[in-house]
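Q: Sequence:
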Amino acid sequence: MRLKDVASLVGITERAVQAIVKDLVDAQILEKSKDGRRNQYIIQAEQKLRHTLEANHSISELLRLGK
Numbered sequence: 060m061r062l063k064d065v066a067s068l069v070g071i072t073e074r075a076v077q078a079i080v081k082d083l084v085d086a087q088i089l090e091k092s093k094d095g096r097r098n099q100y101i102i103q104a105e106q107k108l109r110h111t112l113e114a115n116h117s118i119s120e121l122l123r124l125g126k
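Residue 60 is where the sequence shown starts when you use my numbering, and the numbers rise one by one after that.
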């Protein structure tokens with residue numbers, strides 16, 4: 060899915076999605092790699108959540124809640 064598609068789906072601008080993705084890459088929650096001219100992002104599911112109240116929980120735990 061392209062960032063443009065995510066923006067449309069969520070109802071925010073593509074620029075806002077780019078800023079959010081950059082923040083998540085900088086926080087090592089997403090890993091960025093190149094696939095030709097496109098970027099691919101991989102969720103680092105074992106990373107801990109950033110907020111101090113949730114810091115003892117991982118991204119994978121959060122993702123399991125959505126199932």
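Source of the hints: derived by calculation from the structure; they are not laboratory data.
The structure presented is a predicted model; accordingly, all values stated were derived computationally and were not measured.
Even glycine gets a Cβ: it sits at the ideal position worked out from N, Cα and C.
Warning: the hint list may mix true and false statements.
[Said to hold, decoys possible] As a list, the in silico BS3-like pairs of lysine-lysine whose alpha-carbon atoms are at most 25 Å apart:
| no. | residue 1 | residue 2 |
| --- | --- | --- |
| 1 | K81 | K107 |
| 2 | K91 | K107 |
| 3 | K93 | K126 |
| 4 | K81 | K93 |
| 5 | K81 | K63 |
| 6 | K63 | K93 |
| 7 | K107 | K126 |
| 8 | K91 | K81 |
[Said to hold, decoys possible] Ranges of calculated distance between the beta carbons of each label pair, as one might list FRET restraints:
| no. | residue 1 | residue 2 | range |
| --- | --- | --- | --- |
| 9 | K91 | L121 | 30 to 38 Å |
| 10 | E90 | H116 | 28 to 36 Å |
| 11 | N115 | D94 | 15 to 23 Å |
| 12 | H116 | S67 | 26 to 34 Å |
| 13 | L68 | R97 | 15 to 23 Å |
Q: Hint by hint, note whether the structure agrees.
A: The hints, checked one at a time:
Distance hint between K81 and K107 is fulfilled; the C-alpha atoms sit about 17 Å from each other, no more than 25 Å. Simply put, K91 and K107 have alpha-carbon atoms about 18 Å apart, close enough for the 25 Å limit, and the pair holds. Of the supplied pair hints, the one linking K93 and K126 is violated, its CA atoms being roughly 29 Å apart against a limit of 25 Å. At roughly 15 Å between alpha-carbon atoms, K81 and K93 fall within 25 Å of each other, so this suggested pair holds.
For the hint pairing K81 with K63, the CA-to-CA distance comes to about 15 Å; that is within 25 Å, so the pair holds. Distance check on the hinted pair: K63 and K93 sit about 17 Å apart at the alpha-carbon level, within 25 Å; holds. With a C-alpha separation of about 19 Å, the suggested pair K107 and K126 falls inside the 25 Å cut-off, and the hint holds. Restraint check for K91 and K81: the C-alpha separation of about 9 Å stays at or below 25 Å, so the hint holds.
A C-beta distance of roughly 20 Å is found between K91 and L121, which places it outside the suggested range of 30 to 38 Å. Taking the beta carbon of each, E90 and H116 are about 20 Å apart, not inside 28 to 36 Å as hinted. Between N115 and D94 the beta carbons are some 34 Å apart, a value that contradicts the proposed interval 15 to 23 Å. About 30 Å separates the C-beta atoms of H116 and S67, a value consistent with the hinted range of 26 to 34 Å.
Between L68 and R97 the beta carbons are some 18 Å apart, a value that agrees with the proposed interval 15 to 23 Å.
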